[in-house]
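Colleague: Sequence:
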Amino acid sequence: MVEETVEKKEKVLATGKRKTAVARVQLMPGDGKIIVNNKPFHEYFPRELYRQWILAPLKVINALGKFNVKAKVEGGGPTGQAGAVSLGIARALVAYDEAYRPILRDKGLLTRDPRMVERKKYGRKKARRAFQYSKR
1223 MVEETVEKKE KVLATGKRKT AVARVQLMPG DGKIIVNNKP FHEYFPRELY RQWILAPLKV
1283 INALGKFNVK AKVEGGGPTG QAGAVSLGIA RALVAYDEAY RPILRDKGLL TRDPRMVERK
1343 KYGRKKARRA FQYSKR
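Each residue of the sequence shown is one higher than the one before, starting from 1223 at the first, in the numbering used here.
Keep in mind that the hints were calculated from the coordinates and are not lab data.
Please read all numbers here as calculations on a predicted model, not as lab measurements.
Do not take every clue at face value.
Said to hold, decoys possible - Once the Cα atoms are required to be at most 25 Å apart in a straight line, the calculated PhoX-like pairs of lysine-lysine come out as:
id: 1; residue 1: Lys1261; residue 2: Lys1281
id: 2; residue 1: Lys1288; residue 2: Lys1231
id: 3; residue 1: Lys1281; residue 2: Lys1292
Please take these sequences and the hints and turn them into a complete structure.
Modeller: Here it is, written out as structure tokens:
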């Protein structure tokens, strides 16, 4: 029998993207502090929905309070940034311990949301909205 020794890393780096937002996430064992752009995450994301998105990967694996997360996020708005941080945390957890992959995959937390803003077309007001048409 060959014994496998699982070596736990002390700091893991991962990247998450959503819409035009990019988050670079550092994950390390700790007491549960989550810092986004040098602010506590509840200050940076005042809406409860965004906080739930960010905590989702940690809740799914029952790791709330076990990891410290430090994220730098750029681009996009609050929705894209929260989604990017969530994906970054999920990917960092998988890099930390591969056993988390099936749990996070089942909940859809490792899937990059492919939806992007559709470009505006010429001859139209927006991507699909046509200019107002007047019969007379």
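Colleague: Among the hints numbered above, which are violated by the structure, and what are their numbers in rising order?
Modeller: none
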